[in-house]
Amino acid sequence: MLITCWYLYISARSIAKQYLNMASIMQKLITPLFSGPPELPRNKVTVVGVGQVGMACAVSILLRELTDELALVDVMEDKLKGEMMDLQHGSLFLKTPKIVADKDYSVTANSRIVVVTAGVRQQEGESRLNLVQRNVNIFKHIVPLIVRYSPNCIIIVVSNPVDVLTYVTWKLSGLPKHRIIGSGTNLDSARFRFLMAEKLGIHPSSFNGWILGEHGDTSVPVWSGTNVAGVNLQTLNPEIGTESDEENWTETHKMVVDSAYEVIKLKGYTNWAIGLSVADLTESLIRNMNRIHPVSTMVQGMYGISDEVYLSMPCVLNGGGVASVVNMTLTEDEVAQLQESASTLWDIQKDLQDV
Amino acid sequence: MSSVLQQLISPLASTSAEPPRNKVTVVGVGQVGMACAISILLRDLCDELALVDVMKDRLKGEVMDLQHGSLFLKTSKIVADTDYAVTANSRLVVVTAGVRQQEGESRLNLVQRNVNVFKSIIPQIIKYSPNCTLVVVSNPVDVLTYVTWKLSGLPKHRVIGSGTNLDSARFRYMMAERLGIHASSFNGWVLGEHGDTSVPVWSGANVAGVNLQKLNPDIGTDGDNEQWKATHKAVVDSAYEVIKLKGYTNWAIGLSVADLSESIIKNMSRVHPVSTMVKDMYGIGEEVFLSLPCVLNSTGVSSVVNMTLTDAEVGQLRNSADTLWGIQKDLKDI
Numbered sequence: 001m002l003i004t005c006w007y008l009y010i011s012a013r014s015i016a017k018q019y020l021n022m023a024s025i026m027q028k029l030i031t032p033l034f035s036g037p038p039e040l041p042r043n044k045v046t047v048v049g050v051g052q053v054g055m056a057c058a059v060s061i062l063l064r065e066l067t068d069e070l071a072l073v074d075v076m077e078d079k080l081k082g083e084m085m086d087l088q089h090g091s092l093f094l095k096t097p098k099i100v101a102d103k104d105y106s107v108t109a110n111s112r113i114v115v116v117t118a119g120v121r122q123q124e125g126e127s128r129l130n131l132v133q134r135n136v137n138i139f140k141h142i143v144p145l146i147v148r149y150s151p152n153c154i155i156i157v158v159s160n161p162v163d164v165l166t167y168v169t170w171k172l173s174g175l176p177k178h179r180i181i182g183s184g185t186n187l188d189s190a191r192f193r194f195l196m197a198e199k200l201g202i203h204p205s206s207f208n209g210w211i212l213g214e215h216g217d218t219s220v221p222v223w224s225g226t227n228v229a230g231v232n233l234q235t236l237n238p239e240i241g242t243e244s245d246e247e248n249w250t251e252t253h254k255m256v257v258d259s260a261y262e263v264i265k266l267k268g269y270t271n272w273a274i275g276l277s278v279a280d281l282t283e284s285l286i287r288n289m290n291r292i293h294p295v296s297t298m299v300q301g302m303y304g305i306s307d308e309v310y311l312s313m314p315c316v317l318n319g320g321g322v323a324s325v326v327n328m329t330l331t332e333d334e335v336a337q338l339q340e341s342a343s344t345l346w347d348i349q350k351d352l353q354d355v
Numbered sequence: 356m357s358s359v360l361q362q363l364i365s366p367l368a369s370t371s372a373e374p375p376r377n378k379v380t381v382v383g384v385g386q387v388g389m390a391c392a393i394s395i396l397l398r399d400l401c402d403e404l405a406l407v408d409v410m411k412d413r414l415k416g417e418v419m420d421l422q423h424g425s426l427f428l429k430t431s432k433i434v435a436d437t438d439y440a441v442t443a444n445s446r447l448v449v450v451t452a453g454v455r456q457q458e459g460e461s462r463l464n465l466v467q468r469n470v471n472v473f474k475s476i477i478p479q480i481i482k483y484s485p486n487c488t489l490v491v492v493s494n495p496v497d498v499l500t501y502v503t504w505k506l507s508g509l510p511k512h513r514v515i516g517s518g519t520n521l522d523s524a525r526f527r528y529m530m531a532e533r534l535g536i537h538a539s540s541f542n543g544w545v546l547g548e549h550g551d552t553s554v555p556v557w558s559g560a561n562v563a564g565v566n567l568q569k570l571n572p573d574i575g576t577d578g579d580n581e582q583w584k585a586t587h588k589a590v591v592d593s594a595y596e597v598i599k600l601k602g603y604t605n606w607a608i609g610l611s612v613a614d615l616s617e618s619i620i621k622n623m624s625r626v627h628p629v630s631t632m633v634k635d636m637y638g639i640g641e642e643v644f645l646s647l648p649c650v651l652n653s654t655g656v657s658s659v660v661n662m663t664l665t666d667a668e669v670g671q672l673r674n675s676a677d678t679l680w681g682i683q684k685d686l687k688d689i
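Each protein sequence line maps, in turn, to chains P and Z.
Be aware that the first sequence starts at 1, since it is given in this note's numbering, and climbs by one per residue.
Be aware that the second sequence starts at 356, since it is given in this note's numbering, and climbs by one per residue.
FYI, nobody ran anything at the bench for these hints, they're computed from the structure.
No false leads were slipped in.
Below, computed lysine-lysine pairings styled on DSS-like, alpha-carbon distance capped at 27 angstroms: (1) Z:K599 / P:K98; (2) P:K199 / Z:K429; (3) Z:K599 / P:K79; (4) Z:K687 / Z:K505; (5) Z:K511 / Z:K684.
Across the chosen pairs, the derived CB separations fall in these ranges: (6) P:D351 / Z:K621: 56 to 62 angstroms; (7) Z:M410 / P:K28: 53 to 59 angstroms; (8) Z:P374 / P:E239: 34 to 40 angstroms.
To be clear about the criterion: a stretch of chain Z counts as covered by chain P if any three or more of its residues have a C-beta under 8 angstroms from a C-beta of chain P, and this derived list gives those stretches: (9) 358-364; (10) 407-419.
Note that the Cβ used here is the ideal one computed from N, Cα and C, for glycine as well.
The shape of chain P in the complex, shown without the other chains (with noise of 0.2 angstroms):
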């Protein structure tokens, strides 16, 4: 009887102790101060698809230090998870604290920009017309649930045709012209400002010149804007632009329209130069910044244009999305490229199913 007392007390005596000791690092380490629910995010980007493009996006965002959460959708699970598990191991070097993803649109939740990078790409022989209905219906599936989790965001556009495309998803979110952006000649226009740059010895950001209109081979390069230090370049060569100009300045224009095409011959995609060029957009609209951009925005009613179409025009940026638009000093033939752009939208958007 004594002894089975004895021994209860010295398993009591180790269970005690066992216990006191049980307290977790965690628990012994961390006093909690504040026990409520977590904060919401302020500055959310969700990257739809994560494809090289959007991946590009998401790690541009990541080091300019944008947002404080970053979401990241696709239908590939694998891929996803295997994606952001890589941005999660570099966290010790970003300031980025939450990084989530999931197929399901839920992880979007409360974001403010969201970047399509999603869609499918063009089949040899495939007609723009079905690659777009093609895209129209993957769209259908995507953007309700975008709006339905962050009703308020703003939603950049990448994936091409990107002036279509944007009109699409403006159509399918129901949200107001001024959230939705397409990313446009944004894109064209880095790179007309770095090869034209090139070419005068200087920095890009030094070279002042607009590509507006539709993205890629219709896209028009505003001469008569392009300068450096306010020295109009038009001024100095009248011929600048046209055929008779001995120049040959026309030609810059023409590698930007067909740079795309080399890249994407020698390495497979481009993702880089759209990546850096996304994180740029983002940054005005984060920051609240006031930039003007050269993005495709909603130009009915503008030039002559009637139909609703996108386009790229040089816009202001900020917390609101497109607050508003610089009105260019276009030449008639300009302004013909851009009304025969115009059409050429409307024709392919007339015939879209379900938009």
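Given chain P's structure and the hints, the job is docking chain Z onto it.
What follows is chain Z alone, placed relative to chain P:
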């Protein structure tokens, strides 16, 4: 008939262009190399970036894509070529080139194949940048850092392996997640051989100077009921897991290499766990490279921090050294 350029700009200085002061070269434009490149560019670390590879088209495509982003960057010269002349005058050269392990291939065979690749790369790097610091990323990194050191003829403080810098970053992230804090506020070091046999130094793990082992003396052992050891295991497994999910890892290693580059280029003397020549430390008698806390600045590895390790931890380092020497002694032509 003067050109726009002549009308617009009057040169003041007619000297030739200044040589770069902070040039970085990345050898290998695969996913890892490009992640290193974009991280270095976005951290504004260099005034010139050079890329080298054997795959001409891919190389040209990558350099064009980066150049097209120049408007948004502060690195005014981005160049690439299959010819190493393009790498001349680099301060820092990041080596990500090499072949990957084939299924069923022995480590020794993989290493020998990579030795052959490095034999063509390393002398060229040195020829054009005799004063550079080399950061080796290619795996198996500890062996290849040794190989690079031998092939380069550089003093040992100029040849660094990325080593357990990434393992430690993952460790700090995962431990910090469990404690609800940021990775940079959790101090913990993973040393030794990069990979499966890395050594988490539990005795040093701390937050704000509070030593975790004092709070839980079982930490890192099998008998620990909080199972902290599982966190180190997760670090070891994480590379395999990411590779299984997306085919490769690149972002984390890219960011970690940019972090090392920053210390070297900015002469910061920060301490990083990187692979360095450890002969005569901890009773190791052979010329092997293992990760230890190294003070990094513009000379490269200016010094090594002497850790207080347990006998078991020293034993693990010695085992790693033996394994590495076992592979290295049979390598040909270095």
